[in-house]
Amino acid sequence: MTENGKILSIQNLSTFFDTELGVAKAVQDVSFEIEKGKTLALVGESGCGKSVTALSIMRLIPTPPGRIESGKIFYREHNILEFSEKQMRGIRGNKIAMIFQEPMTSLNPVYTIGDQIVEAITLHQKKTYEQAWSMAQEMLDKVRIPDPARRMSEYPHLLSGGMRQRVMIAMAISCKPSLLIADEPTTALDVTIQAQILDLLDELQQSENMSILLITHDLGVVAQRADDVAVMYASKIAEKCSCKELFKNPLHPYTQGLLHSLPQLGTRQKRLNTIAGNVPEPLNFPSGCKFHTRCPIGCNDKRCQTAEPELKEVSKDHFAACWYAPGYEK
Amino acid sequence: MKTNEYKKMELKTEKKNWGTSYGQLVWQQFSKNRTNLVCMWFIIILFTIAVLAPFIANDKPLIIHIDGKVHFPLFDTLTANDYAVFIAAITGITLISLIRRNSRKVDPFLRSGVLWKQVLICTGTLLVGIILLLVFMPRKLDATDYRAMIASGKASDAIFPLVPYGYGRTDIKVSQKPPSNEHWLGTDDVGSDVLCRLIHGTRISLSVGFVAVGIASVIGIVFGAIMGYFGGKIDFLGMRLLEIMMSVPTFFLIITIVAFFPRSLLNIMIIIGITSWTDDARFIRAEFFKLRNQDFVQAAISLGLPLRSILFRHMLPNGIAPVLVSITFGVAGAIFIESALSFLGFGVAPPTPSWGQMLSTGVSTTGEFLWWLTLFPGLAIFFTVTAYNLLGEGLRDAIDPKLRKAV
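Note that the protein sequences, when read in sequence, are chains A and F.
Just so we're aligned, residue 1 is where the first sequence starts under our numbering, counting upward by one.
Just so we're aligned, residue 1001 is where the second sequence starts under our numbering, counting upward by one.
Since the hints were made in silico from the structure, they are not lab data.
There may be inaccurate statements among the hints.
Listed next, the in silico EDC-like pairs over lysine to aspartate or glutamate satisfying Cα-Cα at most 20 Å (straight line) [said to hold, decoys possible]:
no.	chain 1	residue 1	chain 2	residue 2
1	A	LYS95	A	GLU77
2	A	LYS142	A	GLU208
3	F	LYS1290	A	GLU208
4	A	LYS316	A	ASP227
5	F	LYS1290	F	ASP1235
6	F	LYS1117	A	GLU130
7	A	LYS142	A	GLU130
8	A	LYS176	A	ASP202
9	A	LYS142	A	GLU154
10	A	LYS36	A	ASP317
11	F	LYS1233	A	GLU138
12	A	LYS127	A	GLU138
13	A	LYS176	A	GLU138
14	F	LYS1233	A	GLU35
15	A	LYS244	A	ASP202
16	A	LYS176	A	GLU35
17	F	LYS1233	A	GLU20
18	F	LYS1117	A	GLU119
Make a model of the complete structure from these sequences and hints.
Here you go:
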């Protein structure tokens, strides 16, 4: 992968977990690319493998029971799955940084905010304590924490959830990573804070020319912020295209269902539309297309029940994994 | 520079309230209970006695006039060992008062940095002091019997310590005497003063407690941290090793080992240390299992921090509480084991005073029961061990968040 502009390229990644009940195939055959300065949104229901994909990129999968079964993850031109733990430490934080879902527990309760950011800065950059300190303060200012000089010396429990998430972002971007993995960065926050955090990420992305892998289940967020979207369903990518295309022309019935279940502003609805049924458990996926049990088209189709569709390019830069997607069988 | 501005701001806000830290919360809870405070003061007094032992019980006078000249025999005969204890005590007190001062005056952010500098300076002075002592302090032996000099009129105006006997003094004429005006707690089989030996024995007991537990907790913490963090095969092998250690009756193991090594205090400390780390390791392992999957640990890994920092900087302070409690109990246990070993005759060699060894002289060779030789060292052991145990329990309750109501 020496193509210019590609920061991250994942090829056929599979991550499995060995459990007492059998092998849980959390991520199967997932491929996607992120270009420099762009945002890719990874969308899907809870438990579809979004977070496991993110953790696989950071090589944070607990082994055992987890293991990366196959595939390649290229950061620029290096396959980081072949890296030693020591090499990986140079990538983590420095090149690829991650923001976790839960801001309340992602900061160490026994150290001050300043202490934690300074440690992150001095780790990857040659800075004296004082330099790192003023840099950390600038970072807090950048993520719009009021009165950063005071906040620096406060412990995490004195901060609200939104503030902590900002601190996490400040910490993640303090090393100027070229890729930021944001694992549901706004799920635990209320709506006004969500918008602020996302605006902030947007702004930072533009000023630092950073790529973002945005993991979310909020299609509203996707519509506003993402350049490209990959929809995941039951450990596989169901559809992958540009953001505009996805909302204009969704091809996979799962994506259609997701979009259909969004509440519409201006219309009165007693009940929101839903997709019937539940996400299949990774321990016993249905045969054939994994979505056929809930699919309005494929539930009675013999082919959908027995054969699994591959992810194919159905039109230019639009990939889908559905037998019925127009242009799937050319 | 921006940094300077910030520093100036800090100086201005010196009197600011930084909120209650975890340590302060624990202290509030701890000091609510009067038993805890009594135990704490008892142990502080024990420490004071241990440090000042040569000044409290010594057969050399503090000041004496011989042929019209003023002499200070007690100071002249202090050993390098004594001076080392003084330096260590002063360093310890300085450090504790510095930490207390820091928590009031220094910005929490700068606290760890400031503390490190202070600790480095203190340990530096300590080491230099001890090395200088060892090099330049020849041990002076002074066998002069100052009391005889006073009696014969050669010397006058002497001020003796509170207990005017040395712990190594033998005087067969007054052996096995019950408590009297001269010997407040009586004398033992070779005529040494029991009170003097008790006071000097405090040093042995406390140092055994601390050094042994220090060794045990370092081994336990490192071992437990590695097992808890890595889990899997490393944990499996580690736990089996630990279970083997636990299945061996520690006391008999210690007796066996002691039989093979020379009887010295250091050997006993090391042996107690390397046989009693299993509890600490298990506590730390359990805590690390819990912490391993906490988000902040994952976040620390995802920042690319080195393993050392993750284990001991980010995880350990969050999981140290149960080990602190076990350390307190461990000190009591180590004192107890040392007493038992000395009682059985496997402990420190005789002229060195030890409570356990004093106990063993309670029954004379003629079969007579000398109650003062059993009661006083027995009480000393009992009170010390009880104080440590109660302290440990108090600490455990203070740390336990479930018992903590709104403070």
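Going down the list of hints, with the structure as the test:
1. For the hint linking LYS95 of chain A to GLU77 of chain A, the alpha-carbon distance of about 13 Å falls within 20 Å, and the restraint holds.
2. Note on LYS142 of chain A and GLU208 of chain A: the hinted pairing holds, with a Cα-Cα distance of about 12 Å set against a maximum of 20 Å.
3. For the given pair, LYS1290 of chain F sits about 37 Å from GLU208 of chain A by alpha-carbon distance, which is inconsistent with the 20 Å threshold.
4. A distance of roughly 16 Å separates the Cα atoms of LYS316 of chain A and ASP227 of chain A; the hinted pair therefore holds under the 20 Å criterion.
5. For the proposed pair LYS1290 of chain F and ASP1235 of chain F, the alpha carbon gap of about 14 Å is at most 20 Å, so the pair holds.
6. Straight-line distance between C-alpha atoms of LYS1117 of chain F and GLU130 of chain A comes to about 15 Å, which keeps the hinted pair within the 20 Å bound.
7. Distance restraint check for LYS142 of chain A and GLU130 of chain A: the Cα-Cα separation of roughly 18 Å lies within the 20 Å cut-off, and the hinted pair is therefore satisfied.
8. Of the pairs offered as hints, the one joining LYS176 of chain A and ASP202 of chain A holds, with about 15 Å between alpha carbons and a cut-off of 20 Å not exceeded.
9. As the CA atoms of LYS142 of chain A and GLU154 of chain A are separated by approximately 18 Å, the hinted pair is consistent with the 20 Å bound.
10. Restraint check for LYS36 of chain A and ASP317 of chain A: the C-alpha separation of about 17 Å stays at or below 20 Å, so the hint holds.
11. Pair hint LYS1233 of chain F plus GLU138 of chain A does not hold up; C-alpha atoms about 44 Å apart against a cutoff of 20 Å.
12. Under the criterion of a C-alpha separation no larger than 20 Å, the hint pairing LYS127 of chain A with GLU138 of chain A is consistent with the structure, at around 14 Å.
13. As the CA atoms of LYS176 of chain A and GLU138 of chain A are separated by approximately 13 Å, the hinted pair is consistent with the 20 Å bound.
14. About 40 Å separates the Cα atoms of LYS1233 of chain F and GLU35 of chain A, which puts this hinted pair outside 20 Å; it is violated.
15. As the CA atoms of LYS244 of chain A and ASP202 of chain A are separated by approximately 18 Å, the hinted pair is consistent with the 20 Å bound.
16. For the suggested pair LYS176 of chain A and GLU35 of chain A, the alpha carbons sit about 16 Å apart, so the restraint of at most 20 Å is met.
17. A threshold of 20 Å between alpha carbons decides the hint, and for LYS1233 of chain F with GLU20 of chain A the separation of about 17 Å falls inside it, so the pair holds.
18. Our distance criterion of 20 Å between C-alpha atoms is met by LYS1117 of chain F and GLU119 of chain A, whose separation comes to about 18 Å.
The structure is inconsistent with the numbered hints 3, 11, 14, although it conforms to all the rest.
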